[in-house]
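Number of protein chains: 6
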Amino acid sequence: MYSAREKAAILVEALPYIKKFAGRTVVIKYGGHAMGESDDDVLTDVVLLKYVGLRPVLVHGGGPEISGWLRKVGKKSDFIGGLRITDAETMEIAEMVLTGKLSQKIVSSLNRLGVRAVGLSGKDADLLVAVRKKGLVRRPDGGEELLDIGAVGEITAVNPELIEILFREGYVPVVAPVATDGRGETYNVNADHAAGMLAGAVGADKLVLLTDVEGILRDPRDPASLISVVRAGEVEELKRSGVLTGGMLPKVDCCVQALDQGVSEAHILDGRVPHAILLEIFTDSGIGTMVVP
Amino acid sequence: MYSAREKAAILVEALPYIKKFAGRTVVIKYGGHAMGESDDDVLTDVVLLKYVGLRPVLVHGGGPEISGWLRKVGKKSDFIGGLRITDAETMEIAEMVLTGKLSQKIVSSLNRLGVRAVGLSGKDADLLVAVRKKGLVRRPDGGEELLDIGAVGEITAVNPELIEILFREGYVPVVAPVATDGRGETYNVNADHAAGMLAGAVGADKLVLLTDVEGILRDPRDPASLISVVRAGEVEELKRSGVLTGGMLPKVDCCVQALDQGVSEAHILDGRVPHAILLEIFTDSGIGTMVVP
Amino acid sequence: MYSAREKAAILVEALPYIKKFAGRTVVIKYGGHAMGESDDDVLTDVVLLKYVGLRPVLVHGGGPEISGWLRKVGKKSDFIGGLRITDAETMEIAEMVLTGKLSQKIVSSLNRLGVRAVGLSGKDADLLVAVRKKGLVRRPDGGEELLDIGAVGEITAVNPELIEILFREGYVPVVAPVATDGRGETYNVNADHAAGMLAGAVGADKLVLLTDVEGILRDPRDPASLISVVRAGEVEELKRSGVLTGGMLPKVDCCVQALDQGVSEAHILDGRVPHAILLEIFTDSGIGTMVVP
Amino acid sequence: MYSAREKAAILVEALPYIKKFAGRTVVIKYGGHAMGESDDDVLTDVVLLKYVGLRPVLVHGGGPEISGWLRKVGKKSDFIGGLRITDAETMEIAEMVLTGKLSQKIVSSLNRLGVRAVGLSGKDADLLVAVRKKGLVRRPDGGEELLDIGAVGEITAVNPELIEILFREGYVPVVAPVATDGRGETYNVNADHAAGMLAGAVGADKLVLLTDVEGILRDPRDPASLISVVRAGEVEELKRSGVLTGGMLPKVDCCVQALDQGVSEAHILDGRVPHAILLEIFTDSGIGTMVVP
Amino acid sequence: MYSAREKAAILVEALPYIKKFAGRTVVIKYGGHAMGESDDDVLTDVVLLKYVGLRPVLVHGGGPEISGWLRKVGKKSDFIGGLRITDAETMEIAEMVLTGKLSQKIVSSLNRLGVRAVGLSGKDADLLVAVRKKGLVRRPDGGEELLDIGAVGEITAVNPELIEILFREGYVPVVAPVATDGRGETYNVNADHAAGMLAGAVGADKLVLLTDVEGILRDPRDPASLISVVRAGEVEELKRSGVLTGGMLPKVDCCVQALDQGVSEAHILDGRVPHAILLEIFTDSGIGTMVVP
Amino acid sequence: MYSAREKAAILVEALPYIKKFAGRTVVIKYGGHAMGESDDDVLTDVVLLKYVGLRPVLVHGGGPEISGWLRKVGKKSDFIGGLRITDAETMEIAEMVLTGKLSQKIVSSLNRLGVRAVGLSGKDADLLVAVRKKGLVRRPDGGEELLDIGAVGEITAVNPELIEILFREGYVPVVAPVATDGRGETYNVNADHAAGMLAGAVGADKLVLLTDVEGILRDPRDPASLISVVRAGEVEELKRSGVLTGGMLPKVDCCVQALDQGVSEAHILDGRVPHAILLEIFTDSGIGTMVVP
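Residue numbers (the numbering used here), protein chains in the order written: chain L, 1 to 293; chain F, 294 to 586; chain G, 587 to 879; chain H, 880 to 1172; chain U, 1173 to 1465; chain S, 1466 to 1758.
Honestly, the hints are just simulated from the structure, not real lab data.
On a predicted model such as this, the values are computed, not experimentally measured, just so you know.
Which residues of chain L face chain H? A partial, calculated answer using Cβ under 7 angstroms:
id: 1; residue: A4
id: 2; residue: A8
id: 3; residue: V52
Label pairs and their in silico Cβ distance ranges:
id: 4; chain 1: L; residue 1: G242; chain 2: U; residue 2: Q1433; range: 57 to 63 angstroms
id: 5; chain 1: H; residue 1: Q1140; chain 2: U; residue 2: V1245; range: 37 to 43 angstroms
id: 6; chain 1: L; residue 1: G247; chain 2: F; residue 2: D333; range: 38 to 44 angstroms
id: 7; chain 1: U; residue 1: L1319; chain 2: L; residue 2: E6; range: 45 to 51 angstroms
id: 8; chain 1: F; residue 1: P357; chain 2: L; residue 2: P223; range: 49 to 55 angstroms
Built from N, CA and C at the ideal position, the CB exists for glycine as well.
The following block holds chain L by itself, in its conformation from the complex (with noise of 0.2 angstroms):
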């Protein structure tokens, strides 16, 4: 498609973004929605990161491939305040999927690309520890509840030795969002809040949580009102204002957070977008919304 000159001209002109990330971190979640045909092109693009010099970690998501085998064996699922009621059967296939299936077959993907990938989970090393948290719902009565919606975890530790001991040996380590209390209770937990801790704990440069939107948008039917930058002091504002709402508060919550322990920079980029990790790294088009402090 390119002649040869082309192709050393683009080389080039990538020279100055190889350096000015050489050494750096970059936690990368991705799945749930944005998995999927886009596969090959992230994890391609992960295995440039890793090439180039840069430090990559995977934490991916599988709401839907866990709702699919929920089906499978015939397990219904209930939800309070948009949070899967997790009983015992429902936690031991999530964590089947997880860990089993989905981290598995990425690992085998960036083995074939040509790194060597290690699937990790949450319980591994202690890797991530959590607490039961309980689901919000709204009464009849207009009044809000805490419920307990079983083995839902909110993370209150990271343990990072073992991935940094993987990044020294040049591996790439590949995150499934399973959590643990470590005595023994396992909990499913929120990939990009996975993602925003795990950057957080491993001195991450940058958080990159990879959805199925273009980014925040002024306005929800205008791709055009795409709002490129936001300042983290600018948040509550935006979701006073009704711009930030539904599932992107929480992807806006986490990039704040993962801020707030020292991460230099979060985007919420579109995972549709070919190459979308690439092209937010190694060019100056500027695509999703990138979150500063």
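Once you've looked at the hints, dock chains F, G, H, U and S against the given chain L.
Chains F, G, H, U and S only, in chain L's frame:
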């Protein structure tokens, strides 16, 4: 139960064994039928090995548990020559059970008992590489035939670097018997064989196969006929004479193969005996059968 | 004596203690009156500590043995305020006995039991630096006076680098209570004090003083009146009330001084109890008196 | 010029080459006639090599520049058998130009482009050791004679430790073709030869000689007759048949010598082609001639 | 000349000084007028320093040699306020002489004397970073003016990593007083100043400036009026009182600046005295002037 | 005594020798009759060796001092074939004198002179392992007989790790000629032999035996008949011809044995000459006899 002085005396008795094995690597396979109520004993033993200076690796099986999940999703299994015909869906479930459930359960228990364990699939960093294995069937006409039985693999290479890094950093690796062909295909592999190959690749001093029988018996109905020590050179004769038959045959072959690769001793122990591993390593009480070069 | 299963059970019982003390440093002083027939027990305990991952250092005394040799060469000893008047010839003999006989005897025994021990004088690499100490005497007129008592030293500095190198390389240091003034003068120093100062300097977690009494007794005639735990803040009151007297006084002072320098616990144990050290470290059987901050 | 997506696509296309050469060492000789307007391209390529994980070393020539300075100080040059008669004053000027001007110019450009470059003479830490070389002249009577031509050296040994230290610490070495005899004498050495010898000594994977011709042409007047690959065993035949003549002869000899010392591939590239090095390493576009064992 | 026993006695006399300076870093500036016939003495001293355990760095000047080469190419020099007006061609020649001739001559001599020396320009790895300096001129009307005098630089930053690596690996760095502005511009810098700044940046213990005078003299005509020790606080008074004038002024300022950056002692020594450095470091014979904080 | 310039000149003269021996290991045996008033010279020499970069080890004897202490406790010594009959009490006193007195005296002196010395017995970490040696006696009937002479040992193995660790960490080991049989038995060993065996085991470059004679003399009554160099191959002839007799015989045998184990040179020096070691190593003044392979 015991007086303080009795305790001291017994600790002192263990000293020669602790000295003998300090810094040694032991690969322990347990599971399948040996897993279950004795789990806690086995894992406590592993933790003790770690604390008194050995380097244990666990390889686990999981046949019964896989069968249970196959039933749960209404999947029927066919067997040819004792090997499960493993179509894509069966492999998917087997991998989820082995990697996403059993490994993680063991990891979680070990962590709770005070070590830092990490679950690994043979796909992580291409730890276990396999090729497709054919099933040998006896035709009605008396001839034999090799049939395709799906994703059943035979291990051809082990990449032990990741295990060695985890050793050096003080972790306890827990390995699921799942392998890769390096090109994206996943294989179910025999756990005894995985343990034996791994023992050879990491330079283990001991291979321990936990089973649910006493060891090799001269007379299968008489536990008193236990053969304590078998030399590799005697194995063929034991096969010819009919002493070695059935499920014991492949186990002994794994032992011999591990010895060929430099492992010093291989043990077939009765996992139903409480603390069988401790007894074997730290006392003179010969239990089970030891295979030596 | 014990069945294999009893042995396994007791090893398993020791596990929590082994975990708790893995990698910790313990300075053990024994000798003087506590040395003798129980030597083998003490040294076996030290070897076990080493093998299950602790870092033991031995400091030994040798008063009775020195007295024996002084008699042998027809040298009479005078004492002032409990301290031996140590002229040049006495010092020469004391050093030969401590460094050339007792240290070497312990080193030889430890090596035979399976560790690599190295005997050190406080003069080696200026390990223990001391200044001359005066003896306090009560005059007939009731006043007190400081008199020169020769080569008796008070430790003022410890250079722990050599000990730390030996730790790192896996050796067990055995230290004789002989010090240098850095200018060629040799001093006899109190072994309890040497152990306490050393414990502080090497960042030990535990100081163990082996004696020939049960510990601190509220009523010296009643072994049942043993005080199991003493807080450093209570020591002055115990002195005032007359519970702490005689030879126990300086031992407790050594303990308090070690705690002041960061040691976590100091123990006064009865060296006549077989395997007293093992019992103290690896079981719940509180023996002797523990001094804590 | 290119859309963001085109850029991403091309970066992804380079990935297999980046993977292939990660961690490899490349010795690049350029200069003499190949130096000049294309400098920036060459140096940008070197910086890119460094950033995507290769270890580049530059060896430069400087004939034209030396001639210019000789003229400037009114010094006339005589040549014997193609070699400049190098008296003491000529050597002094050559060394100043090579080490004090050209190396430093390259170092300065590389540093500005974002790496840390260090200029080295072959005299630094005795990097290049040479013996005096005689010039071969044809006498009027048809015979040949070896004449003293001054400070022209032939490299007999390379001390690569300094280069290896700079590699390990992440620097880019720039080497001037000046050698020492280890006894205070300075020699001018051929830069192609220096590059080839250095490539062998540092265990380089690739030797790249940049020239101002397309490569080896079967017919010197026809660029389309470029020979893409030459096996070392074919070189003698190419010489006999007259394909290899003139300035190309010693270049090919350097390539063969480097291969003999373990270098995997040697390339004769046209330095006038923009980004010739990138094209050679990161694309399939075969440019120039590759010499292989 | 001396008997073996006299030699032994003198070696023994040097021992206290050898002990005192073991492992210490000394930055030595020599050259300009101090270079010449005493070279061999200076370099022999440097080699001895290296062998008895110090870490020497040499910074050299080269004014007279630069002037000679400027004359050789017919280039006239103008001076303003004592600083040479350094146009592009002058800078080019100065760099060639300093980096390509003098550094290499020193490197070659040191290597021959038995160490491994490496010549560095301030441009190598941006070792010395400078900004353009203006020349201060006194106008006919008595006022003062800052005029552009070309490529004369003032050092603003030192990147000592390369020096530190060379130290650690046992090399002796030889530094030419040429600096970079980090953007491709080259500057001539004062060698005394370079030595002082370098001494501060590498944490040197001693700065030695070799000159061609005895040191600071109270009466310039009377060598007996040498001031042996000057405290930094006394310098201003010495300037006011006219004792410090002319070329000695900037040298003393360099010393004071180095002391401000943590150097312990700065020495102004007479380079004409054979082995002045050895005498200063290894004997009590106070030669020259020492500046202390 | 000497002018500063004379001192500088002599330091410079030593440079080639300092370079030659930098990093080399020298095992020096002194003591027995060579110990005494020249101690300070010997130890000062050792300190200088250490400071100019060599790795010295001292092995000392102590026969006269042991005899003195035996007399002191009224113990009579019997000799058979030149070897002291060493009963348990004699051994105990010998060990105390060697390890507890003489080693410590040397250690203390070395520390005061500015190095960090550590006293070692051959029992420390089983440094010297020996077997019991029989004494050869001539019977009245002219026959010879091997008689038990007690705790006199012959070294059969050296465990040099402890020495190597001390070297690496910069200490000076001082070794007493006491050995272990690894089973609790202590042996007195010949100090020359200990030095020779140690030199072989630690890969020493030089073995130096200090004695109280000039070296090997052709005519024992004529110091001018000193043989400066003896080749190992000539030793047997020197024995046959009666030049080598008495106490010199075992010394030369030690030298030859050390050369057999890879030591480059062995020296028999007159310890009564002030600074004999310095003279031998740092000057051309051949003193004593050198044995070479």
